[in-house]
Amino acid sequence: MTKPQHHHHSLERCRTLIAQLNDYLDGDLPPDLCAELEAHLAGCPDCQVVLGTLNQTVQILHTLDAVPPPLPADLEARLLARLALPSVPARGKP
Amino acid sequence: MPGLIINLSIYADEAALLAGLRRHDPDACTCLVKRFAPLVYARALRLVGDPDDAEGVLQTTFIKTCDALPNFDGASSLGTWIYRIATNEGLMLLRQRRPQVALDVVAELLPADELPQPHHSWTIDPGRAALNGELRDQLAQAIAALPEPLRVVVTLRDIVELSTEETAAQLGITPGAVKVRLHRARLRLRDLLAGYLGFVTEDDDDQTAAPPP
Chain A
4 MTKPQHHHHS LERCRTLIAQ LNDYLDGDLP PDLCAELEAH LAGCPDCQVV
54 LGTLNQTVQI LHTLDAVPPP LPADLEARLL ARLALPSVPA RGKP
Chain B
-13 MPGLIINLSI YADEAALLAG LRRHDPDACT CLVKRFAPLV YARALRLVGD
37 PDDAEGVLQT TFIKTCDALP NFDGASSLGT WIYRIATNEG LMLLRQRRPQ
87 VALDVVAELL PADELPQPHH SWTIDPGRAA LNGELRDQLA QAIAALPEPL
137 RVVVTLRDIV ELSTEETAAQ LGITPGAVKV RLHRARLRLR DLLAGYLGFV
187 TEDDDDQTAA PPP
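Quick mapping for you: the protein sequence lines, in order, are chains A and B.
Take any residue in the first sequence, count from 1 to its spot, add 3: that is its number in our numbering.
No gaps in the numbering here: position 26 of the second sequence is 12 in our numbering, and each next residue is one more.
Everything labelled a hint here was simulated from the structure, so no lab data went into it.
Please note: incorrect hints may appear among the correct ones.
Output of the computed footprint for chain A on chain B, the stretches with three or more beta carbons under 8 Å from beta carbons of chain A [to be verified]:
1) 12 to 18
2) 21 to 28
3) 120 to 126
4) 145 to 155
5) 164 to 175
Computed list of chain B residues with no C-beta within reach of chain A, every gap over 10 Å [what the hints assert, rightly or not]:
6) Ile(-4)
7) Ala(-2)
8) Gly6
9) Phe58
10) Asp59
11) Ala61
12) Arg81
13) Pro133
14) Arg137
15) Gly158
Ideal Cβ positions, reconstructed from N, Cα and C, are used throughout, including at glycine.
Generate coordinates for the entire structure from the input sequences, incorporating the hints supplied.
Have a look at this one:
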């Protein structure tokens, strides 16, 4: 159940490079390390899957607020009531 | 009863909405709330993690927005401006709630990451994912369940979409600490999505792959 799934020769290598995947996705990884990572990825299907799914996770997070859930009605009513209080500037009223 | 019924289309244009707000038209205020409050609340809840606190952030955000309207220069959109006020209010509440040092220490106490299970590859169209309410709910719950240092960082970086440097400055931590926390948060959320989508590893000799809960 808990055995490692990265089957090939160097789990330590996977561990090191996975720590760099976010920088890679965010475009923050220096070019020399990018080349090193890409060389590893080319021969490591498991790390490819981690990278691909991590990338999609980030893409989904970016869209998470595209359609926010409606504000609960009681909460909206309390907000509108609060905004109607006199502490809100009421310039222009006689 | 879903709030007041007003004709939102009269303020469809942002300039008209601003003009209405500046002459204190109650319909303009209602329109402002209807248009921006859902996202302000969703983000506040994600940042502070507690519905009562999030409502406090929501109310303060709109009170400050209304107070500051005479100074709004239109350099950004009204929405961008309001969401920035909301983020600042949420962060201020977090800072008041706990000593700053706790935010830093907790992350260091988290166990080192295990090597991520690759799971099977999966593909979701992010556009469709945005419309998948169940997926969004699952993800929102998973974010809510993250330890606060991870939750706040992934919210600021991946949802509010601040840069690493902006996030570090807002939280008073180093960019390196932001990256470590973001990495841990993303890996956890990736695991959740993999589980939700039902793709579990089955390339060993295990006879069956457990179905998602």
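Checked hints:
1. Here's how the stretch 12 to 18 of chain B fares: 3 of its residues keep a CB closer than 8 Å to some CB of chain A, so the rule of at least three is met and the hint holds.
2. Only residues whose beta carbon comes within less than 8 Å of a beta carbon in chain A count, and the stretch 21 to 28 of chain B has 5; three or more means the coverage holds.
3. Judged by the Cβ-Cβ criterion of 8 Å, the stretch 120 to 126 of chain B is covered by chain A as claimed, because 4 of its residues qualify and three suffice.
4. As drawn, the stretch 145 to 155 of chain B meets chain A at 3 residues by the rule of a beta-carbon pair under 8 Å; at three or more, the given contact holds.
5. Using a Cβ-Cβ cut-off of 8 Å, 6 residues of the stretch 164 to 175 of chain B lie near chain A, which meets the minimum of three, so the contact claim holds.
6. With a cut of 10 Å on Cβ distances, Ile(-4) (chain B) stays outside the contact zone with chain A, its closest approach being about 17 Å.
7. For Ala(-2) (chain B), the condition that its CB be more than 10 Å from all CB atoms of chain A holds, with the nearest at approximately 19 Å.
8. In this structure Gly6 (chain B) is separated from chain A by more than 10 Å, as the shortest Cβ-Cβ distance comes to about 12 Å.
9. No beta-carbon of chain A is positioned within 10 Å of the beta-carbon of Phe58 (chain B); the least distance is around 13 Å.
10. No Cβ of chain A approaches the Cβ of Asp59 (chain B) within 10 Å, the least distance being about 18 Å, so the stated non-interface status holds.
11. The non-interface label for Ala61 (chain B) is consistent with chain A: the shortest C-beta to C-beta separation is roughly 22 Å, beyond 10 Å.
12. With a closest Cβ-Cβ approach of about 23 Å to chain A, Arg81 (chain B) is found to remain outside the 10 Å limit, as its non-interface label requires.
13. With a minimum CB-CB distance of about 17 Å to chain A, Pro133 (chain B) clears the 10 Å threshold, and the non-interface call stands.
14. Every CB of chain A is more than 10 Å from the CB of Arg137 (chain B) (nearest about 12 Å), matching its label as outside the interface.
15. For Gly158 (chain B), the condition that its CB be more than 10 Å from all CB atoms of chain A holds, with the nearest at approximately 21 Å.
When held up to the earlier numbered hints, the structure conflicts with none and fits them all.
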